[in-house]
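Visitor: Take a look at the letters that make up each chain.
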Amino acid sequence: MNASATPEWRDQIFEVLQDHDVKQVYHVPDAGHGRLIEACQRSNSMRTLALTTEEEGIPLAAGAWLGGQRSVLLMQSSGVGNTINLMGMPKTLRFPFLTLITMRGDWGEFNSWQYPMGQATPKVLEAMGVLLYSVETADEVKTTVDAAARSAFNGGQSVAVLLRQKLIGIKNFGKK
Amino acid sequence: MSTQKATLQRRPLVKKILEGADDNLLVIAGLGSSNWDITEAGDRPLNMPLWGSMGAPVGMGLGLALAQPKKRVLVITGDGDMLMSLGSLATVAAQQPDNLAIVVLDNEKFGETGNQATHTSPLNNGPTDSGAGTDLAMIAKGCGIADTGTVRDASEVAALVKDARTKKGPVFRLVKVMVEKLEFVMPPQDGAHLKDRFRQALLGHP
Chain G
1 MNASATPEWR
11 DQIFEVLQDH
21 DVKQVYHVPD
31 AGHGRLIEAC
41 QRSNSMRTLA
51 LTTEEEGIPL
61 AAGAWLGGQR
71 SVLLMQSSGV
81 GNTINLMGMP
91 KTLRFPFLTL
101 ITMRGDWGEF
111 NSWQYPMGQA
121 TPKVLEAMGV
131 LLYSVETADE
141 VKTTVDAAAR
151 SAFNGGQSVA
161 VLLRQKLIGI
171 KNFGKK
Chain A
1001 MSTQKATLQR
1011 RPLVKKILEG
1021 ADDNLLVIAG
1031 LGSSNWDITE
1041 AGDRPLNMPL
1051 WGSMGAPVGM
1061 GLGLALAQPK
1071 KRVLVITGDG
1081 DMLMSLGSLA
1091 TVAAQQPDNL
1101 AIVVLDNEKF
1111 GETGNQATHT
1121 SPLNNGPTDS
1131 GAGTDLAMIA
1141 KGCGIADTGT
1151 VRDASEVAAL
1161 VKDARTKKGP
1171 VFRLVKVMVE
1181 KLEFVMPPQD
1191 GAHLKDRFRQ
1201 ALLGHP
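Chains G and A, in that order, give the protein sequences. Numbering follows the numbering used here, in which position 76 of the first sequence is assigned residue number 76; successive positions increment by one, without gaps. Numbering follows the numbering used here, in which position 53 of the second sequence is assigned residue number 1053; successive positions increment by one, without gaps.
Same shape as in the complex, but just chain A:
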């Protein structure tokens, strides 16, 4: 609910989170910016970047984490996507998957539709940019995910990367990021192809 200006840039941040990703790391990214973010970091078969299905990444991450308890599952998505499926955080809490981390990149905007304010924008922030000051980390905690936190500063990024990659889950991190106009970096779009290449890499068959 802070009015501090965000200083973190999403692309270098995501690149750091995914640095050295091996076969142990399964990544799901929400539609729009998060999809382009993980793709710029390096498209790989064990990335599942969504082109639609808003509200789906956390549920997908949970189903995958339960099916593959020995792998690390990382969900990277935005505030708009997360707002559409708040209940899924309670479902995660009910299952307590120790291999699941959720990182929400919160720029307080719906990026794909023209940067309209989401509910995470501050209250009374002008006629067109007001939200509700919604705190997604507090919601995650309230849902029963004990390990939550908010990252705002470059000095906290190293710990964020470590927590996202290795800390006992479920882990939820809200990262306040800048509003930026960035190039689209697109992975393959065909959903069946993305799914098949993921399963081929993970299971050895499509």
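Extracted from the complex, chain G is given alone in its bound form:
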């Protein structure tokens, strides 16, 4: 089962986010999340916010929760390092936090600059007390994102779903 044969997993994520009543969606530009971001932008029930840096997603999530709304931060592993300091906020304020991370520098990555942050991503998130869920195959995406949303919004945890590069597909620059 490879990503190109089953592109609908991104649509399944959108459905799970809708089912969990996620109202605010934070993102930076990302090819891996692209189709999901566009679905959120077209949705009438969600507000999508483009960020200048991934770090902004955490105080936004805190504010949304203060105001009674659920949110999600969509980012690449290359942006995870930008969030680490403020990743203390969900711990200190004890509010639910959900992030979905498309992995780079993970599996067959061609760009050497992606490896340091890609390889450190699970370790630094773990160090900040974020629960990690990992998905490598399309048929597990829906159940995993659903479980992560439950752990976050019902269980009050900080949760990250790592969408592994094996799932997303290896990026080939210059080739369609």
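No lab work stands behind these hints, which were simulated from the structure alone. Since the structure is predicted, the reported quantities are computational estimates derived from the model, not experimental observations. Even glycine gets a Cβ: it sits at the ideal position worked out from N, Cα and C. Accuracy of the hints is not assured; some may be wrong.
Stated by the list, open to error - Each computed EDC-like pair below joins lysine to aspartate or glutamate, with the alpha-carbon atoms no more than 16 Å apart:
1) A:Lys1162 with A:Asp1098
2) G:Lys91 with A:Asp1196
3) A:Lys1016 with A:Glu1156
4) A:Lys1167 with A:Glu1156
5) G:Lys91 with A:Asp1190
6) A:Lys1181 with A:Glu1040
What the hints assert, rightly or not - Not the full set, but computed from the structure, chain G residues with beta-carbon under 8 Å of chain A:
7) Leu49
8) Thr52
9) Pro59
10) Ala61
11) Ala62
12) Ala64
13) Gly68
14) Gln69
15) Met89
16) Thr92
17) Leu93
18) Arg94
19) Phe95
Let chain G serve as the given structure and place chain A on it in line with the hints.
Guide: Frame of chain G; chain A shown alone:
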């Protein structure tokens, strides 16, 4: 970028801004002086004073303003905090929340660490006190927040209070304030408690 000496005092100013605060006003204050300022004006459940998370208040204010479009959201923070998250002003501009006001109290210093100069201090201001003359109101305008302004004089305070409380947002006001040594007036510190009491007051459940 002016070298005028600031004359406004932050505590009485914040007190005026928050005077008569009711359930319609949700307040977020940045760590350090702004936290103590809003607390001296009167600790209340719908205040969210931060004890850390530098650079977070504007983003928090935006997330809250979008979640609660019928309430007024007021972010009060300092120049050092604002300098750490300039990009958040562009994110605010992209969303144009009409219920959000941001008031930056600019004393040109990092107060909590011993009054070192921030970049809003004048350029060439001596060996230890030089900044860059950074104008945060101009940055906010450049980010796309149309309604910005700088307040320096006591005669402008009444308009500032009105703009912060009621004017159609997003509103950004830079207020040049004096460097003062003031007493710490501390709200509860526990973050989960601050969050829960805020939600209880706003939503009726923690």
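Visitor: Each hint: holds or not?
Guide: Do the hints match the structure? See the list:
1. Simply put, A:Lys1162 and A:Asp1098 have alpha-carbon atoms about 15 Å apart, close enough for the 16 Å limit, and the pair holds.
2. Restraint check: the Cα-Cα separation between G:Lys91 and A:Asp1196 comes to about 14 Å, which is no more than 16 Å; the hinted pair holds.
3. Taking the CA atoms of A:Lys1016 and A:Glu1156, the gap is near 12 Å; set against the 16 Å cutoff, the hint holds.
4. Under the criterion of a C-alpha separation no larger than 16 Å, the hint pairing A:Lys1167 with A:Glu1156 is consistent with the structure, at around 15 Å.
5. At most 16 Å may separate the alpha-carbon atoms for a hinted pair to count; G:Lys91 and A:Asp1190 meet this at roughly 11 Å.
6. Taking the CA atoms of A:Lys1181 and A:Glu1040, the gap is near 14 Å; set against the 16 Å cutoff, the hint holds.
7. The beta carbon of G:Leu49 is positioned within 8 Å of a beta carbon in chain A (closest approach about 6 Å), and the interface hint is therefore held.
8. Restraint check, G:Thr52 versus chain A: the minimum CB separation of about 3 Å is within 8 Å; hint holds.
9. Taken as an interface hint, G:Pro59 checks out: its beta carbon lies about 3 Å from the nearest beta carbon of chain A, inside 8 Å.
10. The closest approach between the C-beta of G:Ala61 and any C-beta of chain A is roughly 6 Å, which is under the 8 Å cut-off, so the hint is satisfied.
11. Proximity of G:Ala62 to chain A holds as hinted, the smallest CB-CB distance being about 5 Å (cut-off 8 Å).
12. Given hint, G:Ala64 at the interface with chain A, holds; its Cβ is 4 Å from that chain's nearest Cβ, closer than 8 Å.
13. For G:Gly68, the interface hint holds, the least distance from its beta-carbon to any beta-carbon of chain A being 5 Å, beneath 8 Å.
14. Evaluation of the G:Gln69 hint against chain A yields a held restraint, the C-beta minimum of about 4 Å falling below 8 Å.
15. Hint status for G:Met89: holds, given a least beta-carbon distance of 5 Å to chain A, under 8 Å.
16. The beta carbon of G:Thr92 is positioned within 8 Å of a beta carbon in chain A (closest approach about 4 Å), and the interface hint is therefore held.
17. Look at G:Leu93: its Cβ gets to within about 4 Å of chain A, closer than 8 Å, so that hint holds up.
18. Restraint check, G:Arg94 versus chain A: the minimum CB separation of about 4 Å is within 8 Å; hint holds.
19. Against a cut-off of 8 Å between C-beta atoms, the interface hint on G:Phe95 holds, since the closest Cβ of chain A lies about 6 Å away.
Going through the hint list in order, the structure satisfies each hint without exception.
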